[in-house]
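Asks: Listed here are the chains, written in short residue letters.
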Amino acid sequence: GESVGLHLPTLSVQEGDNSIINCAYSNSASDYFIWYKQESGKGPQFIIDIRSNMDKRQGQRVTVLLNKTVKHLSLQIAATQPGDSAVYFCAEKGGNNRLAFGKGNQVVVIP
Amino acid sequence: GAGVSQSPSNKVTEKGKDVELRCDPISGHTALYWYRQSLGQGLEFLIYFQGNSAPDKSGLPSDRFSAERTGGSVSTLTIQRTQQEDSAVYLCASSLYQGEGYGYTFGSGTRLTVV
Numbered sequence: 432g433e434s435v436g437l438h439l440p441t442l443s444v445q446e447g448d449n450s451i452i453n454c455a456y457s458n459s460a461s462d463y464f465i466w467y468k469q470e471s472g473k474g475p476q477f478i479i480d481i482r483s484n485m486d487k488r489q490g491q492r493v494t495v496l497l498n499k500t501v502k503h504l505s506l507q508i509a510a511t512q513p514g515d516s517a518v519y520f521c522a523e524k525g526g527n528n529r530l531a532f533g534k535g536n537q538v539v540v541i542p
Numbered sequence: 005g006a007g008v009s010q011s012p013s014n015k016v017t018e019k020g021k022d023v024e025l026r027c028d029p030i031s032g033h034t035a036l037y038w039y040r041q042s043l044g045q046g047l048e049f050l051i052y053f054q055g056n057s058a059p060d061k062s063g064l065p066s067d068r069f070s071a072e073r074t075g076g077s078v079s080t081l082t083i084q085r086t087q088q089e090d091s092a093v094y095l096c097a098s099s100l101y102q103g104e105g106y107g108y109t110f111g112s113g114t115r116l117t118v119v
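Top to bottom, those sequences are chains B and U.
My numbering puts the first residue of the first sequence at 432, with every later residue one more than the last.
My numbering puts the first residue of the second sequence at 5, with every later residue one more than the last.
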């Protein structure tokens with residue numbers, strides 16, 4: 432079955448440094464991937480997405496990298512700020528037209 | 005509305021009682037999803053509505069759980085005879101389900117506590 436998982440449960444990063452969050456997926460047929468950010472007491476918020484015909488996509492301070500060979504997805508956050516403290520989820524869309532989510536990775540920004 | 009609205013935001017209920025959770029999706033979004041999130045866990049898929057098609061109920065954990073979507077808009081998730089293990093945050097999301105921007109827009113969730 433589909434499986435989406437994250438390597439590190441918690442990432443502590445100094446304010447101003449770059450953050451990298453990794454995600455492994457198992458469904459090679461997945462064609463669309465999304466990163467979500469969830470702050471305490473709120474629902475997940477869309478950050479950035481990428482289609483399987485791309486290997487990199489940039490947004491404002493965020494970059495998503497997709498390596499289909501090893502089925503790996505990463506989210507890079509540049510110049511991490513205190514407001515970036517949250518849980519980050521990766522999600523993949525497979526053949527059933529709905530998203531499968533990983534367990535999440537807590538990012539803690541140290542001022 | 006501007007976003008996905010869920011009510012109530014918090015619900016405390018006694019074991020064995022029934023509860024109803026409501027979701028108002030973004031106007032015009034044809035797809036609606038319910039997920040459950042237990043403490044420190046990822047999102048567990050429950051049910052998916054797409055337009056007038058039969059819902060995908062494959063994620064409902066037991067027959068105590070049911071959901072409906074009236075008029076292609078508002079959805080209600082019902083949990084009968086609640087158990088303590090039903091305690092979780094129940095998240096609703098909607099999407100346009102077409103082309104780019106497939107991503108879901110989530111509500112803030114209903115935190116259900118069964119005591």
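Bear in mind the hints are in silico, worked out from the structure with no lab data behind them.
Predicted, not measured: the structure shown is a model, and the values here were computed from it.
C-beta: ideal position from N, C-alpha, C; glycine also.
Take these hints with a grain of salt, some might be off.
Computed list of chain B residues with no C-beta within reach of chain U, every gap over 12 angstroms [what the hints assert, rightly or not]:
(1) Glu446
(2) Gln469
(3) Pro513
Simulated coverage check for chain U against chain B, where a stretch passes if three residues somewhere in it have a Cβ under 8 angstroms from a Cβ of chain B [unchecked claim]:
(4) 45-59
(5) 108-114
Straight-line C-alpha distance at most 25 angstroms; calculated BS3-like pairs for lysine-lysine [claimed, not checked]:
(6) Lys15(U) x Lys61(U)
(7) Lys21(U) x Lys534(B)
(8) Lys487(B) x Lys499(B)
(9) Lys473(B) x Lys502(B)
(10) Lys534(B) x Lys499(B)
(11) Lys473(B) x Lys15(U)
Asks: Compare the structure with each hint and give your call.
Replies: For each hint, the structure was consulted:
1. Glu446: holds, 25 angstroms
2. Gln469: violated, 8 angstroms
3. Pro513: Fine: 21 angstroms to the nearest Cβ keeps Pro513(B) off the interface.
4. 45-59: With 6 residues close enough to chain B, the hint holds.
5. 108-114: holds (count 6)
6. Lys15(U) x Lys61(U): It holds: about 23 angstroms lies between the C-alpha atoms, which stays within 25 angstroms.
7. Lys21(U) x Lys534(B): Judged against 25 angstroms, a Cα distance of about 30 angstroms means the pair is violated.
8. Lys487(B) x Lys499(B): holds, 11 angstroms
9. Lys473(B) x Lys502(B): Violated. Lys473(B) to Lys502(B) sits at ~29 angstroms, over the 25 angstroms cutoff.
10. Lys534(B) x Lys499(B): It holds: about 20 angstroms lies between the C-alpha atoms, which stays within 25 angstroms.
11. Lys473(B) x Lys15(U): Cα-Cα ~16 angstroms, so holds.
Hint check: violations occur at hints 2, 7 and 9; the rest are consistent with the structure.
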